[in-house]
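**Student:** Mind docking chain B on chain A? Use the hints.
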Amino acid sequence: MTFSFARLAAVAVKELRELRRNRFIVATMVVLPVIFLIVPISDLFRTAAPAAERAQVGVSLLLLLIVPVVVPAAIAAYSIVGEREQGTLEPVLTTPVSREELLLGKALAAILPAVGIAYLLFAIVVVVVRIGAGQVVVSAVWQAPNFLAQALFAPLLAGWSIWVGIAISARSSDVRVAQQLGTLASLPALGVTALISFKVLQPSIALAVILAAILAALNAIGWRLATAVFDRERLITGAQPGR
Amino acid sequence: MTTDPWFVRRSVGIGWRPNSWQGWAITAVTIVAAVTAALVSRLAKAPAGFVVTVAVVATYALIAALTSRVTAPAPQHKDDVPKRDARVAPVSVAAAAASPPHPQALVVDRLTKRFGQRVAFQDVSFAVGAGEVFGFLGPNGAGKTTTVRTLGTLIAPTAGSATVLGIALAPRFGQEIRRRIAIMPESPGLYLRLSVRENLEFFAGLFSVANPQARISEALAAVNLAARADDLCSSLSKGLRQRVALARALLSGPEILFLDEPTSGLDPVATREVHDLIDGLRRRGVTVFLTTHRLEEAERLCDRVAILNTTLRMVGRPDELRAALFSRGLVVALGTPLAAADDVFASVDGISSWQIDARGRYVLTVSDPQQVAPALTRALVGAGADVESISESRHTLEDVYLELISSDVEAQAR
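Respectively, the protein sequence lines represent chains A and B. Taking the working numbering, I'd label the letters of the first sequence as residues 1 to 243. Taking the working numbering, I'd label the letters of the second sequence as residues 1001 to 1414.
Please note that a few of the clues may not be correct.
One side of the interface only, derived from the structure: several residues of chain A facing chain B at Cβ under 7 Å [as the list claims (entries may be wrong)]:
| id | residue |
| --- | --- |
| 1 | Ala10 |
| 2 | Lys14 |
| 3 | Gly87 |
| 4 | Glu90 |
| 5 | Thr95 |
| 6 | Glu233 |
Anything over 10 Å on all C-beta distances counts as not near chain B; from chain A, calculated [claimed, not checked]:
| id | residue |
| --- | --- |
| 7 | Val13 |
| 8 | Leu37 |
| 9 | Ile38 |
| 10 | Pro96 |
| 11 | Leu187 |
| 12 | Leu195 |
Just so you know, the hints here were simulated from the structure itself, not pulled from any lab data. Ideal Cβ placement from N, Cα and C applies to all residues, glycine included.
Extracted from the complex, chain A is given alone in its bound form (with noise of 0.2 Å):
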C-alpha cells in the first residue's frame, strides 16, 4: 500500500477549510484561549511575594497546557462519526486515500490549530510578563526550562488529546456521545498539571523529560490504537467484517 503525502495534505486542507467555516469550532477555538491567557496573567501580576512567586510562575504556566487537550479534543472525536453521520465519509473511502493517510490528515489539521494557539498564548504571556511584571517575576519566567516545557509538551498533549478522540470518534456511532467520551478521555493528561499544581509532584528538566516520554509513547501507542479500531466496513455497513 502506497503512502501519498499528497493525499494526507489533500486531507489536511480540506479538514482545515471546514473547520473555518465552524462558526462553533471558530467560537471554541477563540473563547477558550482568551480564558485561559486571563488566569495566568493575572496570577503573575499578582505574585508579589518572592518565596512563592517560582511556584506561583509554574503552575500560571501550566495552565497554559490545558489549551492544546482542549481545543483539538472536539474536533477530533467528529472527524470521523461527524463525516459519517453527514454521510460524506463513504466517498472519502471510495477513493486510492490509505486509512494512515486519512487519519494523519485529520489529526495534521487538528494539531496544528491546537498547537499554534497554544505557542501564542505562551508568547503574550511572556511578553506581556516582560513588559508588566516585576522583575522576580520575568526572570522565573523566562527560563529555557518554561520555553522547552511548552514546545514539548503543547504537542504532545494535543497528540494524545487527538489520537484518543480519533479512535472514540472511529468506534462511535454518534457525534455527541464521541465528543463526551473524547474530552473524558483526553482529561488524565491534564492528571499531571494537577498534580504539579498541587505540589505532589515537584517540577523539574528530569520531571518534564521524563513526562514528555511517557506522552510521547502514549501518542505512539494511541496512534496505533487510532488506525487499528478505523474499519472502513463497519464504518460504512455498521456490522463487524466477516460476521
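**Tutor:** Chain B in isolation, oriented as in the chain A frame:
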C-alpha cells in the same frame, strides 16, 4: 545500540524499509533533540544532563519506530497515477471512442456477502465487458448497493471471488482497485460548508489527479455546473448536489464507474443530461456499472442488465431476457370478431395458440412474428375480416422485472 530504529523496529515487529530522506530526517530530528536537551540541561544546571539526552533520543527513536509503517516507501507500480492520467481521455461527452483496455472489466464468481445470519447477496456470478454499460436491477434490499460496495473494496466478501480490471478483489489490492475506479453513492455526500470547486479539489487530491484545475473544469462542464463552481454546496438543490457528485466521480477518469441511482432526485432535463453523459462514457470505452430502479432508464442505457434479488435471477440483453421469459406473439385488432377464429388461425403455419385479451383483441403465440404476419394478413382478408391492425406484442423490461420479482414473492409465500 538499542535506539537504532532498525533494532527497535525488529523488536516491536513492524516491517520498515526506510528510504534515504526518511533516514536523514529521523537522524536530523534525533540530533537536534539531543543537542537541545543537552543545552537546556546545561543552562538549567541539571545534574542528569546525560540521562536527559539519552531519554530524548530514545523517545524520538521510539516514535520513529512506531510510526515507521506510515512512512514506508511506496513500492513502484506499473499503474502509477501520471501514467494512468495520460492514458485516460479528459471528461468529454463528445470524445472519440477508446478501445477497452481489458476484455473483461469485471468478473464475479459465486460472490456472497452475509452480515451475521442475514444474507445480503449470495452466489452471484456475472462478467462485465470493458466499455459495457451494465445495469444492475433489483428491489430494495436485494443487495445491489452491497454488491457495489464489495466490488469497490469497501467491504469484504464472505465467499466467492472477483476480479476488477484484472485485479483480484482482495484487501491488499484495495488501493490499486480504488485508484482505477470511481463510485458515485446514492447519497451525494458533499461537504456542505465547502464550495463545489473545493469539494472537487479535495477529491482531485485524493486521486492524485494531474492538472487538477483543468480536470475540475472539464468535469463541471460535463454536468453543466461550471457556472456554480464557487457556490457553497449547502446552497445547491438536491438535483444539483447529485450533479456535483457525478462530476466528482468523473474527476479521476475512472476505467469503471459505479453509479448507484445516479438520476435519483433529478428533474427530467437533468436526467436526460445524465443519460447523455453515460452514452458519452460508453463511446469513450468507460465501463459503467449502473444500479437503478428506473427500468426505462436501464432499457434505454444498458447493453446488458442483471436482475438481483439476493441471488442473481437473470443476466442478459433486455431482448434476451424478454425472449427467455415471454413467448413471442402478434396482436390482431379487428373491427368485428371472427365468426370462425379457430379455423382461420389453424390455417396459418406458425401459430401455436391464441386468446382474446381484455380489449377484445386476438393475442396469438407465434414462432416468428415477421414470418407469420404476412400469411396471417392474407388469411384474415380471405376470411372477410375487418383488419384494423396487426402488431408484434411487446414486453418491456418492466414486464421481465415484475415477472421475476413476483415469482420470487410467490415462492416466498409458499
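**Student:** Now tell me if each hint is right for this structure.
**Tutor:** Evaluation of the provided hints:
1. With a cut of 7 Å, the hint placing Ala10(A) at the interface with chain B holds, because the nearest CB-to-CB distance is about 3 Å.
2. Satisfaction of the interface hint for Lys14(A) is found here, the shortest Cβ-Cβ separation to chain B being roughly 4 Å, below the 7 Å cut-off.
3. At about 4 Å, the closest approach between the beta carbon of Gly87(A) and any beta carbon in chain B falls short of 7 Å, and the interface hint on this residue holds.
4. Because the smallest distance between the Cβ of Glu90(A) and any Cβ of chain B comes to about 5 Å, under 7 Å, the interface hint for this residue holds.
5. Using the Cβ-Cβ criterion of 7 Å, the hint placing Thr95(A) at the interface with chain B is satisfied: the shortest such distance is roughly 4 Å.
6. For Glu233(A), the interface hint holds, the least distance from its beta-carbon to any beta-carbon of chain B being 4 Å, beneath 7 Å.
7. A cut-off of 10 Å between C-beta atoms contradicts the statement that Val13(A) is not in contact with chain B; the least separation is 7 Å.
8. Separation of Leu37(A) from chain B is adequate, the least Cβ-Cβ distance of about 25 Å exceeding the 10 Å criterion.
9. At the 10 Å boundary, the C-beta of Ile38(A) stays outside the reach of chain B, the nearest C-beta of that chain being 29 Å off.
10. Listed as outside the interface, Pro96(A) is inconsistent with that label: its C-beta sits roughly 4 Å from the nearest C-beta of chain B, within the 10 Å cut-off.
11. Distance to chain B confirms Leu187(A) as a non-interface residue, since its nearest Cβ pair spans about 23 Å, more than 10 Å.
12. At roughly 20 Å from the closest C-beta of chain B, the C-beta of Leu195(A) stays outside 10 Å, upholding its exclusion from the interface.
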